[in-house]
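K.L.:
What follows is each chain in one-letter form.
There are 2 protein chains.
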Amino acid sequence: MIKATGAELSGHRCQFTVWAPFRKSVDVEFEAPDHKAVHLEKDKYGYWSKEVANIMAGTKYRFILDGIKPYPDPASKAQPDGVHSWSAVVDEHNYVWGDSTWNGVALKDLIIYEIHIGTFTDEGTFEAAILKLDHLLELGINAIEVMPVAQFPGSRNWGYDGVYPYAVQNSYGGGTGLKTFVDACHQKNIAVILDVVYNHMGPEGNYLAEYGPYFTGKYSTPWGKALNFDDAYSDHVKAYFLRNALMWLDDYHIDGLRLDAVHSIIDHSAYHFLKELRQSIDELQIKNRRRYFLIAESELNDVRILEPYEKGGYGLDAQWTDDFHHAVHALATGEKDGYYQDYGKINHLAKAFRQGFVYDGEYSSFRKKTVGNSPQSMASSRFIVCIQNHDQIGNRMLGERVAGLVSFEMLKLMAGIMLVSPYVPMLFMGEEYGENHPFQYFIHHGDSDLAEAVRKGRSKAFKALKSKRKMPDPQAKETYNHSKLKWNFHQHPEQRALFTYYQYLISLRKQGLFSVFFKRHLDTEVHEQQKLLMVR
Amino acid sequence: MIKATGAELSGHRCQFTVWAPFRKSVDVEFEAPDHKAVHLEKDKYGYWSKEVANIMAGTKYRFILDGIKPYPDPASKAQPDGVHSWSAVVDEHNYVWGDSTWNGVALKDLIIYEIHIGTFTDEGTFEAAILKLDHLLELGINAIEVMPVAQFPGSRNWGYDGVYPYAVQNSYGGGTGLKTFVDACHQKNIAVILDVVYNHMGPEGNYLAEYGPYFTGKYSTPWGKALNFDDAYSDHVKAYFLRNALMWLDDYHIDGLRLDAVHSIIDHSAYHFLKELRQSIDELQIKNRRRYFLIAESELNDVRILEPYEKGGYGLDAQWTDDFHHAVHALATGEKDGYYQDYGKINHLAKAFRQGFVYDGEYSSFRKKTVGNSPQSMASSRFIVCIQNHDQIGNRMLGERVAGLVSFEMLKLMAGIMLVSPYVPMLFMGEEYGENHPFQYFIHHGDSDLAEAVRKGRSKAFKALKSKRKMPDPQAKETYNHSKLKWNFHQHPEQRALFTYYQYLISLRKQGLFSVFFKRHLDTEVHEQQKLLMVR
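Residue numbers (our numbering), protein chains in the order written: chain W, 141 to 676; chain A, 141 to 676.
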């Protein structure tokens, strides 16, 4: 019923397959003028396919629907000319891997470092990122979490506007760039976690709806119509994302996936997409004799995501716990805006420290509803914590990192709280030396109306702040450049000291000095007046 | 945080409470001209309340929002003049119950009989229905399932257009009528299951949105915007329905609730409404030393609804299994339209007989997606089966009962399949004697545009049938009258014989003769060619 879609190269023959159940004809056409378009054949479930001769890696193609308009392949593995143009055939087997001795890192031992390829280095490429791996080794990092790399519009984007889940962003160095990066990481004993977005598609260059019912009007999300995970034809949409996940793990040697906003993957069916995803990966684990992580971003505080299958859970390995971040941030900065109004007491931090979720069935004033259930059955390694990440920084109007908000001493205290905590810590790139440039929100849309709409939307969102500062223009190249790491911390004594401090705490953590906190029932003593939390 | 809403009478003082978080003022006004309007006071969660003196049972009142427009009480316990008019104060404690010796019936022993109060008798009242109880006793019935009785527009409606969940339909005899009916049933050792609708509100007389965010734009259902079970303010909406459920069980002595279309109760939170409902009822059970059933109508075929809490389930007692009905119906009639296309083989029936669900993770051609998960861990008493019900009959253009579709011999075979099955059987009123009048779809809207819209909608739905027969007019009184039981089966030998046959099978079932089929692993042997199913 389900077919693998995309362009599957085998020697010089290529199998083109695409799902378009309501179309009357689908042809594949090629950029090369001497290469004639070929008519695909439809099966009963709406998959169109045909094997075509004389194709090689790099051959540019697109699909013509109903003989009228050409569109890129939804399962394109390369968009060398951007989101609106030709797809390119990729030879998945021509990369020679050098990571055969790589053995992975256990979930509980991870020290994660989140990076955005575009702003991690001046060059903004995988190749340049590889040159920074020794810095991360020196710091003590053993896992890198890469913000989404699926092809997005333009060359400047956080990655959450991706529209080709199977294609690696051309400006980052494409698929081969990513493979080379993962290979290099593994050779330095660093795991790679990839951030993938299965809850929405970006607003520009998204042609999925031309092909089939990838979206459903039953549910709406902050990005419009929801992806179709439980309506008619959803088996095919689920398969599209499932196969994508398996591709990263199998073909790109990725060690784990971070699933963006799983609360917006709305699947009301008897077999939830997340469980099916985890079970598909279980099978791949057996085949490859490897362990792959699935880490969820979830605002639900619902342990069902983590519970084992026999307890009705989806069996994911871990999830981010925003409560921990918010509890630390609200105490450290005194901020009370937006969601921080739900935090700010030592008691919140104590609860976060003790069990991960603060909202475990409690009423949230900000969300105006009861949120969460009890995480007490979960080992502490099931929660990822941070004191800043791309969202918490970049969703501020000016994109200030924590280093720009609190004193140096407070900065160290925050880092300490995270690194001695029972949870898996995650740093955001530059955090280890207190990078003082911001990480701002940036886009690079080809559609100027869209760019203006984003600009206006953000401007409106920040109006309540009544800030005297001007909101950086998301579309402007300076905003992007300004967000790049500066890497000049060796010239700043305080930044150097902070790096050494992080290095030291990480090394103590690795030696197991804080594992005393990893027990099931942590004792916390709260002194609200003195703003003191004692843990034992 | 949550307050009980409605008018709570205590002596001659009455506490009026209503939730209207965004209103600037709420007054309660009274029909009696000498009774002055009273200003209610708001708490921080948006509940307005005030105790008012000189109120008695029957006092008519309504709420004025923002000093402008009056609306009935969303938690009104009586709408003596219909859905658009005054609410009336009810004294919940003035009924003297005579059912103190009633002990209930175990779920596995239930023989359910579904009735629609309006068409069960000529009079269409609870009072008249009581006179038929001896007939049901003679038949062997020990539980009656009453189609929804919440106040609906006009006097002719299946009940799924109800708009006052706390008020019993005035034309049926109101709250006292229902209590008298339940009391009479209990005194004859018959349990009462009430059909309640928590997934949508009817289209006429629904003023909930005037009061607060009872609906959310996040999800849409076949009835429009979904009720708000997980968005901001949802705690209050959940409480509104939870308290309603408890009212039926506690104040009306109802033995169990049949929850309409739970697949349209969309709650993505960490604490699903259905689990919260079952847990609230668990508490009531302890208080009242009684056992209450919760039975779901669900098209999801998802055992999560039935699984115990410790397996991540919602803990409901049972659910309807439409697969059983469809498997029997498709075989018996040869029909292939709509959802019947997914059935029609002996093998479907065998599977339904063996495990309840036919679609247990299989692809459905009609729904164009994979449906269900495995029910094998469930005892057979967790599934309710029928060979016809209000929906399967009334959603046909002409509302034909099975007796009007198949031969007399086939009718007996169908009844036999249901009554020897391992599941809890449910008859639809009149089925026991093969009533040959139809049960059609009827409404009685005050709004003629709405009546016309319903007419057109149904007409369009049945257009594909290309029937030469005319669709009955849902709004016409004849359609309603035509749907009433005729009760003249004693004059028809075949009908009399059928009644005796049902009586006999029910009595054998009660003697435990078919309990050989109640085991976990039933053997079925399928002979597709001979259209033969052997069970052992």
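Quick caveat, the hints were computed from the structure, so don't treat them as lab data.
One or more of the hints may lead you astray.
Which copy is meant is left open, because identical chains are indistinguishable; a pair holds if it fits in one copy or across any two.
[Said to hold, decoys possible] Distance condition first, Cα-Cα at most 25 Å in a straight line; then the derived PhoX-like pairs of lysine-lysine:
| no. | residue 1 | residue 2 |
| --- | --- | --- |
| 1 | Lys671 | Lys606 |
| 2 | Lys608 | Lys176 |
| 3 | Lys476 | Lys552 |
| 4 | Lys600 | Lys143 |
| 5 | Lys190 | Lys365 |
| 6 | Lys200 | Lys164 |
| 7 | Lys272 | Lys365 |
| 8 | Lys164 | Lys606 |
| 9 | Lys164 | Lys209 |
| 10 | Lys164 | Lys552 |
| 11 | Lys358 | Lys415 |
| 12 | Lys650 | Lys606 |
Since we're looking at a predicted model, the values are computed, not measured.
K.L.:
How do Lys164 and Lys209 come out at 25 Å by Cα distance, when the copy is not named: within, between, both, or neither?
P.N.:
Answer is within: at 13 Å inside a copy they meet the 25 Å cutoff, but 55 Å across does not.
K.L.:
From the Cα coordinates, with 25 Å as the cut-off, is the pair Lys608 and Lys176 best called within, between, both, or neither?
P.N.:
This pair counts as neither: shortest intra-copy Cα distance 60 Å, inter-copy 53 Å.
K.L.:
How would you label the pair Lys164, Lys552 (within, between, both, or neither) given a Cα cut-off of 25 Å?
P.N.:
Neither: 63 Å inside a copy, 48 Å across copies.
K.L.:
Within, between, both or neither: how does the pair Lys190, Lys365 come out at a Cα-Cα threshold of 25 Å?
P.N.:
Neither, since 32 Å and 43 Å both go past 25 Å.
K.L.:
Give the relationship of Lys272 and Lys365 under a CA distance limit of 25 Å: within one copy only, between copies only, both, or neither.
P.N.:
neither (40 Å within a copy, 51 Å between copies)
K.L.:
Evaluate Lys200 and Lys164 at a C-alpha cut-off of 25 Å and name the case that applies: within, between, both or neither.
P.N.:
within (23 Å within a copy, 63 Å between copies)
K.L.:
What label fits Lys476 with Lys552 when the C-alpha limit is 25 Å: within, between, both, or neither?
P.N.:
So Lys476 and Lys552 pass the 25 Å test inside one copy only (22 Å; across, 70 Å).
K.L.:
Regarding Lys358 and Lys415, is the shortest C-alpha distance of 25 Å or less found within a copy, between copies, in both, or in neither?
P.N.:
both (21 Å within a copy, 23 Å between copies)
K.L.:
Give the relationship of Lys671 and Lys606 under a CA distance limit of 25 Å: within one copy only, between copies only, both, or neither.
P.N.:
Neither way: Lys671 and Lys606 sit 30 Å apart in one copy and 76 Å across, limit 25 Å.
K.L.:
Go through the copies and call it for Lys600 and Lys143: within, between, both or neither, with a Cα cutoff of 25 Å.
P.N.:
neither (44 Å within a copy, 36 Å between copies)
K.L.:
Pop the pair Lys164 and Lys606 into one bin, within, between, both or neither, using alpha-carbon distances up to 25 Å.
P.N.:
neither (54 Å within a copy, 27 Å between copies)
K.L.:
For Lys650 vs Lys606, is the C-alpha pair at or below 25 Å within one copy, between two copies, both, or neither?
P.N.:
This pair counts as neither: shortest intra-copy Cα distance 44 Å, inter-copy 74 Å.
In terms of the numbered hints stated before, the structure departs from hints 1, 2, 4, 5, 7, 8, 10, 12, listed from lowest to highest.
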